[in-house]
Amino acid sequence: MALLNRKYVAPGWDDVYDMMIELARQIKGIGYLPQVIVGVSRGGWPPARIMSDLLENANLANMKVEFYTNIGVTAQRPKITQPVTSEVVGKRVLVVDDVADSGHSLRVTVKHLARKGAREIRVCTLYVKPKSIFKP
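For the sequence shown, position 50 (counting from the first letter as 1) is numbered 1529 according to the working numbering, and the numbering increases by one without interruption.
It cannot be assumed that every hint is accurate.
[Said to hold, decoys possible] Heads up, simulated BS3-like pairs for lysine-lysine below, C-alpha to C-alpha not over 25 Å straight-line: (1) K1614 <-> K1570; (2) K1614 <-> K1590; (3) K1590 <-> K1608; (4) K1610 <-> K1595; (5) K1507 <-> K1614; (6) K1507 <-> K1558; (7) K1543 <-> K1614; (8) K1558 <-> K1590; (9) K1610 <-> K1543; (10) K1543 <-> K1570; (11) K1558 <-> K1610; (12) K1558 <-> K1570; (13) K1570 <-> K1590; (14) K1543 <-> K1608; (15) K1608 <-> K1570; (16) K1507 <-> K1570; (17) K1595 <-> K1570; (18) K1558 <-> K1614; (19) K1543 <-> K1558; (20) K1595 <-> K1614; (21) K1543 <-> K1590; (22) K1608 <-> K1558.
[As the list claims (entries may be wrong)] Now the in silico label distances, taken between C-beta atoms and shown as ranges: (23) I1550 <-> I1612: 11 to 21 Å; (24) Q1555 <-> R1504: 36 to 46 Å; (25) S1520 <-> A1593: 14 to 24 Å; (26) R1598 <-> K1507: 11 to 21 Å; (27) V1568 <-> G1491: 32 to 42 Å; (28) N1549 <-> K1507: 33 to 43 Å; (29) E1599 <-> R1504: 17 to 27 Å.
The set of hints was computed from the structure by calculation and includes no laboratory data. Don't be surprised by glycine CBs; every beta carbon is placed ideally from N, CA and C.
Using the sequences and the accompanying hints, generate a full structural model.
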């Protein structure tokens, strides 16, 4: 895992995979069996794909929420630019993203999935920043 300018952490692929194994272990440990795994673009797509393998669940969907316009620079509010790509009505959904930064994008994601009829929504991320308003 590398530190960039002592401000950002850039995990290597082995680190990401190890974190995903631990998250999958925790998800299995609480008995949560998602019917759909949703990767949030862009950072959540690779971890969602890994989680799909680890949970042996091929029902993988995507959605895209845009909030950051540059490193450390956000728009006024997150915007869904690609709605969820799979049917979620009545289903248990696991949202996967790389980081809960401000938490605003994850909050918008969960609200979107609830409006689409998801029965139960849980969220996992590799990192949660202390300032995040959303705690997975």
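Hint check results:
1. K1614 <-> K1570: holds (22 Å)
2. K1614 <-> K1590: With a Cα-Cα distance of about 14 Å, the restraint between K1614 and K1590 holds, given a limit of 25 Å.
3. K1590 <-> K1608: Roughly 21 Å between the alpha carbons, so the hint for K1590 and K1608 holds.
4. K1610 <-> K1595: Violated: K1610 and K1595 sit about 28 Å apart, past 25 Å.
5. K1507 <-> K1614: Cα-Cα ~19 Å, so holds.
6. K1507 <-> K1558: Roughly 32 Å separates the two Cα atoms, so the pair is violated.
7. K1543 <-> K1614: Holds - the C-alpha atoms of K1614 and K1543 are around 19 Å apart, at most 25 Å.
8. K1558 <-> K1590: With Cα atoms ~12 Å apart, K1558 and K1590 stay inside 25 Å; holds.
9. K1610 <-> K1543: Status holds; Cα separation ~22 Å.
10. K1543 <-> K1570: holds (20 Å)
11. K1558 <-> K1610: holds (20 Å)
12. K1558 <-> K1570: holds (24 Å)
13. K1570 <-> K1590: This hinted pair holds, its Cα atoms lying about 15 Å apart.
14. K1543 <-> K1608: holds (20 Å)
15. K1608 <-> K1570: violated (28 Å)
16. K1507 <-> K1570: holds (17 Å)
17. K1595 <-> K1570: holds (10 Å)
18. K1558 <-> K1614: Distance of about 20 Å is within 25 Å: holds.
19. K1543 <-> K1558: Measuring from Cα to Cα gives roughly 8 Å; hence the hint holds.
20. K1595 <-> K1614: holds (22 Å)
21. K1543 <-> K1590: Holds, at about 14 Å.
22. K1608 <-> K1558: Holds, at about 21 Å.
23. I1550 <-> I1612: 11 to 21 Å: Since the Cβ atoms of I1550 and I1612 sit about 20 Å apart, the hinted range of 11 to 21 Å holds.
24. Q1555 <-> R1504: 36 to 46 Å: 38 Å Cβ-Cβ, so the 36 to 46 Å window holds.
25. S1520 <-> A1593: 14 to 24 Å: holds (19 Å)
26. R1598 <-> K1507: 11 to 21 Å: holds (19 Å)
27. V1568 <-> G1491: 32 to 42 Å: Holds, at about 38 Å.
28. N1549 <-> K1507: 33 to 43 Å: holds (38 Å)
29. E1599 <-> R1504: 17 to 27 Å: holds (20 Å)
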